[in-house]
Amino acid sequence: MSQQDRVASTSADARQLLFIGSDFDRLKDERYTVRRAQFVRLLEECERGRATRFAAEPPNESTTWAGIGSMNRALLYRLTDDPNDLKEAERWIDGAITWKDWGNAHLVNVDLSAAWILWGLSLAYDWLKDDMDPELRVRLREKLVRHSRIMHDYICENRASSWVPKYWQNHNWIDYNGLASAGYALLDELPEAQVWIDDAREDFELVFKGMPEDGSNYEGAVYWRYGVPWLLCYAHMLREREGVDYYATSGFLKNTFWYRLYQSTPNLEEAFNFGDAHDTRSSTSAMMYMKLASEYKLGEAQYMANFALSNLYREQSQSALKPGILPEAGLEYLWFDATVTPTEDLSHLPLSHFFPDLGLLAVRDSWAKDAVMISVKCGFPGGRRQWEQSWEYHKKTGIDYRSLSHQHADNGAILLNAYGSYLICDDGYNRTIHANEHSVVTVGGRGYRNEGENDIFAGVGEDDVAVLNEYFVDGGFFVFDGDTARCYEDDLAITRCQRIIGSNNNSYFIVFDRLAAKEAHRYEWNMQAATAPAIEGTKVTYLNGLAGMDLWSLAPQDQEISTKTTTVRAIYTTQEPDTFHEAVMNTLVIENTEPATEVSYLTAIAPFRREEGGSDWTFETLACEAGVGVVATRGSESEIWLFNTGDGIASGAVTSDAAWCYCEGDTAAPQNLRSGTV
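Taking full-length UniProt numbering, the leading residue of the sequence shown gets 1, the next gets one more, and so forth.
Calculated from the structure, these hints are not laboratory results. Possibly wrong hints are sitting among the right ones.
What the hints assert, rightly or not - In the BS3-like style, the derived pairs of lysine-lysine whose C-alpha atoms are separated by at most 25 angstroms in a straight line are: (1) Lys209 with Lys369; (2) Lys369 with Lys297; (3) Lys209 with Lys395; (4) Lys297 with Lys254.
What the hints assert, rightly or not - Distance ranges between label pairs, derived from CB positions: (5) Glu536 with Ala51: 52 to 60 angstroms; (6) Leu673 with Lys369: 51 to 59 angstroms; (7) Leu673 with Glu462: 47 to 55 angstroms.
All figures in this text were calculated on a predicted structure; none of them were measured in a lab. All residues carry an ideal CB built from backbone N, CA and C; glycine is no exception.
Starting from the given sequences, assemble the full structure and let the hints guide the process.
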């Protein structure tokens, strides 16, 4: 068949295309109307890749780009029927299948790069097989069969190890999605492909059964953007091919946009970096927002997609996560839904959101791009549902179903972003986890079990988890109360590591830490910041960008305040051992000078705009008959926080056995009195 004859072929258009379905004619017609912007994006992305050259051997790096790049060019040809676009798609396909192996250095042919390429080439094969050069079609088919067999053989040999039984981890989702895609692409030609499809379907049944209903992702916002697309892709493909609709039944899929939105910093361009995070910008994906907008008619998600695209090249250049946002153009075209009107004004949304599976709370004072926003978490490693279900499975089979290398020692840690800048930050990517690299309490630099390892939660006991005692939100008022004592090394003999964080409208934050152990300790109260502070007595002041923050260390009475530089350096992927993340943080350390079995820290934190020169709040301790207290004053405003140190709370007319109390005015005649759990 000549190239001209192949171009004229309509057989592909007449059948149901994989991942596109039977609605291709409409998708194609809309390239000059409602999908015009997405079509231009796809044209530009494919043009950008014309300079890409393929050597006989793959580069020593992640090659995920080859899969999605081939898919983009195959889609462009299906939309244009242009022989030049077919030739370019064939060039990319030929380049990828010329490589003997897919991947570099670690788990070659059986992990991420291989799965991305398997997915992209499977779609390209299905879309182009009636039109592409016959010899190339045979080579591509043979390559898909070879690598699918390699992937499936690895699965069969590792049912109890590696990424195979790790149902809550992105490698499982990505690799099984690649295998399923190849299965569907080859099913009409290869009966063996049904085995791959069935194996993937069984895996994803357990995956979706185990995903948290609240939509949260313990791996953090960056890995949400890297891993969750493959849940979206598989759910899309399964519904199209077999009528099973996880979009209708999965609480995770229904709610996961809200997780990502409420882990956005106020400017909506960056994200809070709990868990492993390449940076604060690698968590943006227009095509994911588009898909969730389309499935659930979310105008807010449509707006976030448009907003991401308005910063497209900045997102690509400042993101370390490969292959980045630019190659997502094809999925943007397929998943855009013109019937969903963007909701640009987000002020109708609640200012806070709590994700119970992770014990994650996010609170902002407005939806302005320079709002004050805090996020804090305290809960089960990997989330409660993963922890409980994986232990249930483990007791039946003896297999370890958890892979928590992206989970950090960050229970109780605070992230604070205000007026456009981070004031309290986190380490981001880390392969040698330590608690003292987070804003939490340590003892002699020591914290959680197994520190210094990549997965510090491997081998810990079922009950070795943080406990969320309470979270309370009422408008702009919130309290978050958790205890992390069970997470710490056994020989430290810590019996209580309780942290209560409270605020009224985010204008300031009170942090109370009640610590107890069977042995006397000098504790370190650590806080990570992007810049070095000025210290005057027990008041510490930070400046960063257009923001500032005053911190008052109110207790213990006998304390030492110091700062140090903390540097965290980690490679992102074993495929690229020379590419690494480096975070340089200024660590504030407050220590009780005399070792004690029980000690309480009381800290006030108040962000301010840099031009204001400092916070207009002042703080001082309040003498109490029982417990400890702090008075926050601003002009005629007076707000009081009281905390239980073991013998209840007693101050003026306020008495309680609760963990905390709040009132306005004074304790002799308290107004708007609130109290926590006992």
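Going through the hints against the structure:
1. For the proposed pair Lys209 and Lys369, the alpha carbon gap of about 36 angstroms is over 25 angstroms, so the pair is violated.
2. Of the supplied pair hints, the one linking Lys369 and Lys297 holds, its CA atoms being roughly 24 angstroms apart against a limit of 25 angstroms.
3. With a CA separation close to 18 angstroms, the supplied pair Lys209 and Lys395 stays within the 25 angstroms bound.
4. Only pairs whose Cα atoms come within 25 angstroms are accepted, and Lys297 paired with Lys254 is accepted, the gap being roughly 11 angstroms.
5. In this structure the supplied range 52 to 60 angstroms holds for Glu536 paired with Ala51, their Cβ-Cβ distance being about 56 angstroms.
6. At about 35 angstroms, the beta-carbon gap between Leu673 and Lys369 misses the expected band of 51 to 59 angstroms.
7. About 39 angstroms separates the C-beta atoms of Leu673 and Glu462, a value inconsistent with the hinted range of 47 to 55 angstroms.
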